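Number of protein chains: 2
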Amino acid sequence: MDQITKRDLESPAGFGDWGPAEAIALDRMLGTIRRQYELAGYTPLHTPLVERPDILFAKAGGEIRQQVYGLRLMNPAADSPTDEKDLALRFDHTVPLARYVAANQGNLLFPFRRYAIGPVVRGERPKDGRYREFIQADIDVIGDDRLSLDHDAEMISIISNVFDELAFGPFTIRINNRKLLKGFLGSIGCDTEDKARLARKAIDDVEKFGTDETLLALAEIGINQEDASHALDLLTKSYSTDDAFTLLRSRDFGPEFAEGVSELEAVIGTVRQLGVPQHRYRIDLSVARGLDYYTSTVYEARLDEHPNLGSIAGGGRFDNLADNFSSKHLPGVGVSIGVTRLLRRLIKLGIVKPKSKTISSVLVASNDFTVEKEVHLNRARLLRSVGIPTEIYLEKRKLGGQLAFAAKRGIKLVVFTDSGGGAPTGHVVIRNVDVGQQVVVHEDKFLETVRGML
Amino acid sequence: MDQITKRDLESPAGFGDWGPAEAIALDRMLGTIRRQYELAGYTPLHTPLVERPDILFAKAGGEIRQQVYGLRLMNPAADSPTDEKDLALRFDHTVPLARYVAANQGNLLFPFRRYAIGPVVRGERPKDGRYREFIQADIDVIGDDRLSLDHDAEMISIISNVFDELAFGPFTIRINNRKLLKGFLGSIGCDTEDKARLARKAIDDVEKFGTDETLLALAEIGINQEDASHALDLLTKSYSTDDAFTLLRSRDFGPEFAEGVSELEAVIGTVRQLGVPQHRYRIDLSVARGLDYYTSTVYEARLDEHPNLGSIAGGGRFDNLADNFSSKHLPGVGVSIGVTRLLRRLIKLGIVKPKSKTISSVLVASNDFTVEKEVHLNRARLLRSVGIPTEIYLEKRKLGGQLAFAAKRGIKLVVFTDSGGGAPTGHVVIRNVDVGQQVVVHEDKFLETVRGML
Chain A
555 MDQITKRDLE
565 SPAGFGDWGP
575 AEAIALDRML
585 GTIRRQYELA
595 GYTPLHTPLV
605 ERPDILFAKA
615 GGEIRQQVYG
625 LRLMNPAADS
635 PTDEKDLALR
645 FDHTVPLARY
655 VAANQGNLLF
665 PFRRYAIGPV
675 VRGERPKDGR
685 YREFIQADID
695 VIGDDRLSLD
705 HDAEMISIIS
715 NVFDELAFGP
725 FTIRINNRKL
735 LKGFLGSIGC
745 DTEDKARLAR
755 KAIDDVEKFG
765 TDETLLALAE
775 IGINQEDASH
785 ALDLLTKSYS
795 TDDAFTLLRS
805 RDFGPEFAEG
815 VSELEAVIGT
825 VRQLGVPQHR
835 YRIDLSVARG
845 LDYYTSTVYE
855 ARLDEHPNLG
865 SIAGGGRFDN
875 LADNFSSKHL
885 PGVGVSIGVT
895 RLLRRLIKLG
905 IVKPKSKTIS
915 SVLVASNDFT
925 VEKEVHLNRA
935 RLLRSVGIPT
945 EIYLEKRKLG
955 GQLAFAAKRG
965 IKLVVFTDSG
975 GGAPTGHVVI
985 RNVDVGQQVV
995 VHEDKFLETV
1005 RGML
Chain B
555 MDQITKRDLE
565 SPAGFGDWGP
575 AEAIALDRML
585 GTIRRQYELA
595 GYTPLHTPLV
605 ERPDILFAKA
615 GGEIRQQVYG
625 LRLMNPAADS
635 PTDEKDLALR
645 FDHTVPLARY
655 VAANQGNLLF
665 PFRRYAIGPV
675 VRGERPKDGR
685 YREFIQADID
695 VIGDDRLSLD
705 HDAEMISIIS
715 NVFDELAFGP
725 FTIRINNRKL
735 LKGFLGSIGC
745 DTEDKARLAR
755 KAIDDVEKFG
765 TDETLLALAE
775 IGINQEDASH
785 ALDLLTKSYS
795 TDDAFTLLRS
805 RDFGPEFAEG
815 VSELEAVIGT
825 VRQLGVPQHR
835 YRIDLSVARG
845 LDYYTSTVYE
855 ARLDEHPNLG
865 SIAGGGRFDN
875 LADNFSSKHL
885 PGVGVSIGVT
895 RLLRRLIKLG
905 IVKPKSKTIS
915 SVLVASNDFT
925 VEKEVHLNRA
935 RLLRSVGIPT
945 EIYLEKRKLG
955 GQLAFAAKRG
965 IKLVVFTDSG
975 GGAPTGHVVI
985 RNVDVGQQVV
995 VHEDKFLETV
1005 RGML
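In order, the protein sequence lines correspond to chains A and B. Heads up, the first sequence stops at 1008 in our numbering, and the numbers go up one at a time, no gaps. Heads up, the second sequence stops at 1008 in our numbering, and the numbers go up one at a time, no gaps.
Calculated from the structure, these hints are not laboratory results. Every value quoted in this text rests on a predicted model; they were computed, and no experiment measured them. Among the hints, erroneous ones may be present.
Claimed, not checked - A few chain A residues facing chain B, derived, Cβ under 7 angstroms: (1) Asp-571; (2) Met-628; (3) Asp-699; (4) Ser-702; (5) Arg-963.
Where a beta carbon is used, it is the ideal one built from N, C-alpha and C, also for glycine.
Excised from the complex, chain A in its bound form (with noise of 0.2 angstroms):
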């Protein structure tokens, strides 16, 4: 043992492992979503673990800041790479995505479209259900100088596709404008920034504290009852979408809260015609959703049946991407789905199940592997190639110890030569291990039989 003990033999907190039947649920959603990113004309784009610190904090904003983690040679050599200043692990994939797009606008084809999925680190403390690795599965959209509205559209359509394969349960996509929300509070007197920031947590805490503590924090910042009460009304009540829009319509709160009203038409009559269906999406006037980033749609996803999950995906707009890396006006929407921490919690509700150990569906099993050692290998090769994953069991081992094995690992068939049993010469025994019953097929029949069985 060493000076290790049992305890260090834990990954650091926050940097957890993925076993064999989580690793498997966990490919499976981020295979489901790499389909649909791709069935919607997404590309792969890999940036690497690491950009240079002033990349990062070119765009990193508030809490960010903090916890970017820098690299530095441990045993440093003489001949060792001496650029430790310029190494620092990426938080997210939208600042290396402006990164390269920049580097990239004049071989780029705008729009770009591009997914990213893979890890990203935050040094943030870790609690129960934050990691500080996770991998994120984010869609962007570039565009030229302009990018339609439609786009901001079939980001919805996307997260649908998606989360109706995936089925976790009924889910709903909140759409908001930022430009409604920004217009709406420099109408009511928040005038500055700070003072918008102060009445959007206010009003995003309504759940948490109640109206009468909100209409007071409200209060505090010199917004007065009549216009607090409104902001609530506005912003906190649920309306079905034509509602939303004929009292959107009927309120007059300057021409950025005009724009935002016209912008969130065009998305809905956009995400409407793309087929997403009804019950899929409604307007929520008070999804903000890190409003220092987003410039105009937002959005974020909730499962109907799972509120206190919070968002389990969301993204929006923002109007110029890579304004500090770039001369150019590079427009984007796009949206994010924090795969590992999204489904650590579904497993843990019971909403996922992660079950089989493997992703083998056969086992090739043998009473006496070392006199039928061609036979055994044989079937396996036969197996795996018409692409059925099967695993041998080459250890020896009595069969009875075989075929607990491979109930124990979830592998549903096991195939084996009864040479004991009485089955006939050239015959192979075929055993479903679920549900405890056995055929017995000639060599010939082996492979269609198999088949049908799984």
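Since the structure of chain A is already known, use the hints to place chain B on it.
Frame of chain A; chain B shown alone:
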């Protein structure tokens, strides 16, 4: 532009971007490797990017000790995590596997087969084709106390299947056994690990420096000329498998050598039974591969037509993977493909040619997107619903520009309504951009025609 210059927009040396075309080629390669690993019954295991340094250094030999990056928060706050001394980036997938197996040995089913595909980071001085961050794709199988040599053979068959499917051209897997080399070198006077290492180095370099130079180097270690010539004969000449065994069986270099011969025979015997084509492997007594790590079987693959590329995959058996972490005897055998380092070189050499900048097969375009919007969005939805990746052109732009966009992006088919060109109502134009031909079909035949043209 602020302070960030064009040069700063490049990712740091040794941490490269994979743009769309290269990323598609990379994902295809990773997909093939993953599929072959899963077909052989291997299950994913995701361990984190970050491990405790004491774990890494317990297993990091030689140069790698100088290449481990630790983490440090660049702007820590009052409530920041304070365990920086526990955080270092993994340099391979094998040490994390050792930790995981030791930590979970009570719950794991042995033999435990897992694959790991993901980035590792090494602080090497970046140079041509040497990346500090690279993706490794590993499989390993770990036994509880014992592990049949048939697993060593199965690894070789998996490598063969992987590179068959990858189709980078003819390749050969060179197989050896470390006991053979150790026994032989011991019998000719290399009785210390230092002498053996120098002798192996000299023999490894024979292609570089020639026979005379190598004999001189061996003489300096204290090996007499007869033994040295003998060594060169045995270790560097090419023999057929049968001739190699005839030769090996005729020599007596002590019990360790004899054990190596019999293990090698067992492995090659199973490789044959697994149906690996004879031209895909050969015995090569000079293959050493990080001998401080592996204990018996070792192998590595090379492309026959590109020997300068060096090893494209390699691995071997380690007697006790987790000896620093567990009192249990946990023998293992594994293989590793340095995916991104290899692919960068294959692209550079023109062996892999990334072409298309997209996964999409179809671009839905439009002469007048405003008028035709609904029908076009619907076409895209239809194509996606049957699994055809489809990009919609959502900006206003002349049709010719959209066709040029498709050609540049590498999208094969463009679908549009020929409102000006005389195509009847209810008809759709499907244009093959590659060959510049198009057909006009009724909307009812749209989907089957697209499928036929893909």
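Okay, the hints, checked on the actual structure:
Evaluation of the A/Asp-571 hint against chain B yields a held restraint, the C-beta minimum of about 5 angstroms falling below 7 angstroms. Proximity of A/Met-628 to chain B holds as hinted, the smallest CB-CB distance being about 5 angstroms (cut-off 7 angstroms). With 7 angstroms as the threshold, the beta carbon of A/Asp-699 stays out of range of chain B, its nearest partner Cβ sitting at about 10 angstroms, so the hint is violated. Hint on A/Ser-702 holds. Least Cβ distance to chain B is approximately 5 angstroms, under the 7 angstroms limit.
Annotation: interface hint on A/Arg-963 holds; nearest CB of chain B at approximately 6 angstroms, less than 7 angstroms.
The structure fails hint 3 only (numbered hints given earlier).
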